[in-house]
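Asks: Based on the provided sequences and hints, a complete structural model is requested.
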Amino acid sequence: MSSPWTPPAPGQDEPTGVQEGYGAPAPGPGYGAPGASGYSQTGAWGWAPKPGIIPLRPLSISDLLSGSFAALRMNPKVLFGFTLIVLTIVGVLDSLVSIFPMYSLMSASEYGGDPQASPDDIASSVSMAFVSTFVGYAILLICSILAVALLNGILSTTVAQMVIGKKITFRQAWALAKPRMMPVLGVVVLTFLAVGIPVILWIVGIVVLLLASGSSNAAYSAAGLMLIALFPMALVSYAVQVRLLYAPMCAVLEHAGPVESIKRSWSLTSGAFWMTLGRLMLISILVGFIAGMITMVISTVVVGIVFAVFSAGSLDPTKMVGLLVTTSVLTTILQMASYALVFPIMSAFQTLMFVDQKIRTENFAFALAQAARS
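Each residue of the sequence shown is one higher than the one before, counting from 2 in my numbering.
Any given hint could be a false lead.
To be verified - Calculated cross-link-like contacts (lysine-lysine; reagent style DSS-like; alpha-carbon spacing at most 30 Å):
| no. | residue 1 | residue 2 |
| --- | --- | --- |
| 1 | Lys179 | Lys78 |
| 2 | Lys168 | Lys78 |
| 3 | Lys179 | Lys51 |
Stated by the list, open to error - Label-pair restraints from in silico Cβ distances:
| no. | residue 1 | residue 2 | range |
| --- | --- | --- | --- |
| 4 | Val200 | Lys51 | 37 to 47 Å |
| 5 | Thr362 | Leu191 | 36 to 46 Å |
| 6 | Arg172 | Ile198 | 29 to 39 Å |
| 7 | Ile207 | Thr296 | 26 to 36 Å |
| 8 | Leu287 | Thr362 | 36 to 46 Å |
It should be emphasised that the hints constitute simulated quantities derived from the structure, not laboratory data. Virtual Cβ for every residue (Gly too), placed ideally from N, Cα, C.
Replies: Structure representation (structure tokens):
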């Protein structure tokens, strides 16, 4: 049986002993069959080899959690360091996006208090605020999609190598993930369209109904029906997101194209939707709680500093803008640092879920054991 890890092509700049990706399932004896992977299992899951961060058997919740934290301890430079750099860049961009509209609105406010200001000046400032907001958030959306694709590629590659006991550097992770960046980007875009577009259309529909019909009862009735439809639509969108959870890992580790990766993820989660949903909700609540606690502490400190500055004396508008800008950038950077801590845990957990699902359905434990010995 061939290894599920595709070997590097001749002459490729790959580290010795690093396997390139997960291949398609190979035929072989079922998981746990005597002699299938050099050990036997009877009854409940017994001893299993553990070449890396997880034992090579179907994983429990504790296995997934311990494996995720073990990954962060084993390779913090790639998992935490790289994530921190990417999220900090996105965070600074987010701050800049919010600064320009705020500056335009403050200019409009100053014009409003100036008796010599013309209505055209005020309208120009307000229009500039809306335009800068739209353009800024469009750029931020594009950069966020690129960041998600980049993080998915690097982090899932790094965690996958740690499953078979191999610690790789960022350069090695990039060498492995770089050829798969476009398929991963395609997966991220398609997933966004599948999950996000219905919600966007719902919001646009609400706004159009209210603006087109004014205060008529028909408009309010239609808007009410759309509000009622929001909950089931959100459930469907989240269910689709769960079914497509493994698509980025398929694109990176199995070398599948965007559409093929989505089909593959849909197939992997067939018959395992509720288990996948429960595990995903568990890790989401956990990392959300950790990030929320860190963010609350950061926000409390920043608000205290701002309150102290304002209490010390009045500030002119220029200094006030400078203080708000500095506070916004500092807060964003600190928040990104907290997200950079929990994002790798989430990514590692999901990658291990992917490995676990392949172990349960495709005899992947044997293939991993073979790869770990190579």
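Asks: Decide, hint by hint, whether the structure agrees.
Replies: We went through each hint and held it up to the structure:
1. Lys179 <-> Lys78: holds (18 Å)
2. Lys168 <-> Lys78: Holds, at about 11 Å.
3. Lys179 <-> Lys51: With Cα atoms ~28 Å apart, Lys179 and Lys51 stay inside 30 Å; holds.
4. Val200 <-> Lys51: 37 to 47 Å: Since Val200 and Lys51 have Cβ atoms about 42 Å apart, the given range 37 to 47 Å holds.
5. Thr362 <-> Leu191: 36 to 46 Å: About 23 Å separates the Cβ atoms of Thr362 and Leu191, which means 36 to 46 Å is violated.
6. Arg172 <-> Ile198: 29 to 39 Å: holds (37 Å)
7. Ile207 <-> Thr296: 26 to 36 Å: Once the Cβ atoms are compared, 30 Å apart, the range 26 to 36 Å for Thr296 and Ile207 holds.
8. Leu287 <-> Thr362: 36 to 46 Å: Distance hint for Leu287, Thr362 is violated at roughly 26 Å.
Hint compliance for this structure: hints 5, 8 are broken, all remaining hints hold.
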